[in-house]
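Chemist: Sequences and hints are given; from them, build the entire structure.
There are 2 protein chains.
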Amino acid sequence: MSTSTIALAIEKQMVLENGVQQVELLNGVEDSYGGIILNMEEPMESEAFVYLLRASISQWKQQGKRGVWIKLPIQLVNLVEPSVKEGFRYHHAEPDYIMLVNWIGNSTNTIPENASHRVGIGAFVTNDQREVLVVQENNGTFKGKGVWKFPTGVVNEGEDICMAAIREVKEETGIDTEFVEILAFRQSHKSFFTKSDLFFVCMLRPLSFDIQKQETEIEAAQWMSINEYAAQPFIQKHNGFSSVANVCLAKLEKDYAGFSRIPTTTASGKTSYVYFNSRDLSKL
Amino acid sequence: MSTSTIALAIEKQMVLENGVQQVELLNGVEDSYGGIILNMEEPMESEAFVYLLRASISQWKQQGKRGVWIKLPIQLVNLVEPSVKEGFRYHHAEPDYIMLVNWIGNSTNTIPENASHRVGIGAFVTNDQREVLVVQENNGTFKGKGVWKFPTGVVNEGEDICMAAIREVKEETGIDTEFVEILAFRQSHKSFFTKSDLFFVCMLRPLSFDIQKQETEIEAAQWMSINEYAAQPFIQKHNGFSSVANVCLAKLEKDYAGFSRIPTTTASGKTSYVYFNSRDLSKL
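So the sequence lines, in the order shown, correspond to chains A and B.
Numbering-wise (full-length UniProt numbering), the first sequence opens with residue 1 and increments by one.
Numbering-wise (full-length UniProt numbering), the second sequence opens with residue 1 and increments by one.
FYI, nobody ran anything at the bench for these hints, they're computed from the structure.
Be aware that one or more of the hints could be misleading.
For identical chains, the list gives no copy identity; a pair is met inside one copy or between any two copies.
[Unchecked claim] Capping the alpha-carbon separation at 30 Å, the derived lysine-lysine pairs in BS3-like fashion look like this:
(1) K170 with K254
(2) K283 with K71
(3) K65 with K190
(4) K149 with K254
(5) K213 with K170
(6) K254 with K283
(7) K85 with K237
Modeler: Dropping the structure here:
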């Protein structure tokens, strides 16, 4: 980039105010924690970006700002290296953007943690003949092992656990269901690089019974006796699986209460589900 | 970087084998899904990296490989832009590295999702006088509002929910506790940029009672009548909070069973906790 191009880029950011030429700062939005969020959207040469970033940070420091966030869409990948060289660290990334952050305050760094968990579901779907809906997978840990397992899947960002269970059962087996309750959950670590994992066992009531298995991920799907399911050597061998199987059997045979859901409104006005033992709560 | 430097960098990666000079590929590790993980550790000029990456991908395509992962420590930020220009997208990032991925297979892209959830805890700690341990925060949504709330905090990557609750109570109030059970949980969305949030209400039994509040984040801490806590206008106004308060009251006054924990072993041999209604499971 030539010197004149840099000058032009910077000039665009300058305004004449009361006869004094001032540097216009990068256009940040204040957050509620004394920080600034820069949503970079327009292409910019790295030299001009560094010039403006330094001027902006200098002013934000004077204003007592603390955390400075830079969100760079992947198209602006040229600004990642200059940001790091100016002292920013990565915070998180999604396929189409990266978020960097720098703590410029004098107080203790209180930058919040990145998302730490993936969330998965396993669906326990039974019919009136004490049969459970099970699948064999084409890929991953269980490929070719002949293990019959519950339909499972990943809960998407922004997706309710109860809805993810219904969606996965439909995708893998074609069966329509409705949510009943969460019977148990498991937390495990280092399941995916360094990330932790939360796995919710959801009981669903089937609304249809004819299986149409998915072609790409599912090798086979069937209704199987619950006792036969629980007796599989693989299930018996791993107490993570056998304890879940025991909970499912208890749900069928005993008076087992899991967590059902109610919709609530958060302090910021969003709808979210709270899951709890509603049977015990309604006791007199 | 001069042409000769590039040549030198590339030459280092070449070996003479059976009289034929061959390009040594970037050193990838195979994963169990037909993919390759490149852990870049040594500094490399971007031109040499691109040369070797192209040669490597060409060979991996012939081998039928599918997902190619590149893990770049932040010191190798110079390789982020070249990776993106070669077709890689961001997958996730932590403060000290970024992970990029590219699907080179012909089949459907099955690259797993990034971590989607942050996990938090709220700690319900009561003494024998039906008092609950509450705090007022210095920062965030509740700052200056005079709301007394449960100690809360974020569960770290790799940390068990039950342990995070004990840690946060100790940090914020100095009180030692032991885990009893999870009474309820809430899932909400877009809590932190686009990420979702899982918040677990943990009941803990206090092992000490003298409060030593943390200075930086906590404005005040006290033991407070549970009824007074639940009667706060803020709690009553938001059913997300009042429903949790009702569950806690039910735990004290009724025979409410939450989810307790048992340690289990996963298929890959790791220890992880399964949480379920152990009272109902043990019924005859």
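Chemist: Are the hints correct? Go through all of them and say.
Modeler: Status of each hint after checking the structure:
{"no.": "1", "hint": "K170 with K254", "result": "within (28 Å within a copy, 38 Å between copies)"}
{"no.": "2", "hint": "K283 with K71", "result": "neither (50 Å within a copy, 53 Å between copies)"}
{"no.": "3", "hint": "K65 with K190", "result": "between (35 Å within a copy, 24 Å between copies)"}
{"no.": "4", "hint": "K149 with K254", "result": "within (22 Å within a copy, 37 Å between copies)"}
{"no.": "5", "hint": "K213 with K170", "result": "within (9 Å within a copy, 50 Å between copies)"}
{"no.": "6", "hint": "K254 with K283", "result": "both (18 Å within a copy, 7 Å between copies)"}
{"no.": "7", "hint": "K85 with K237", "result": "neither (52 Å within a copy, 47 Å between copies)"}
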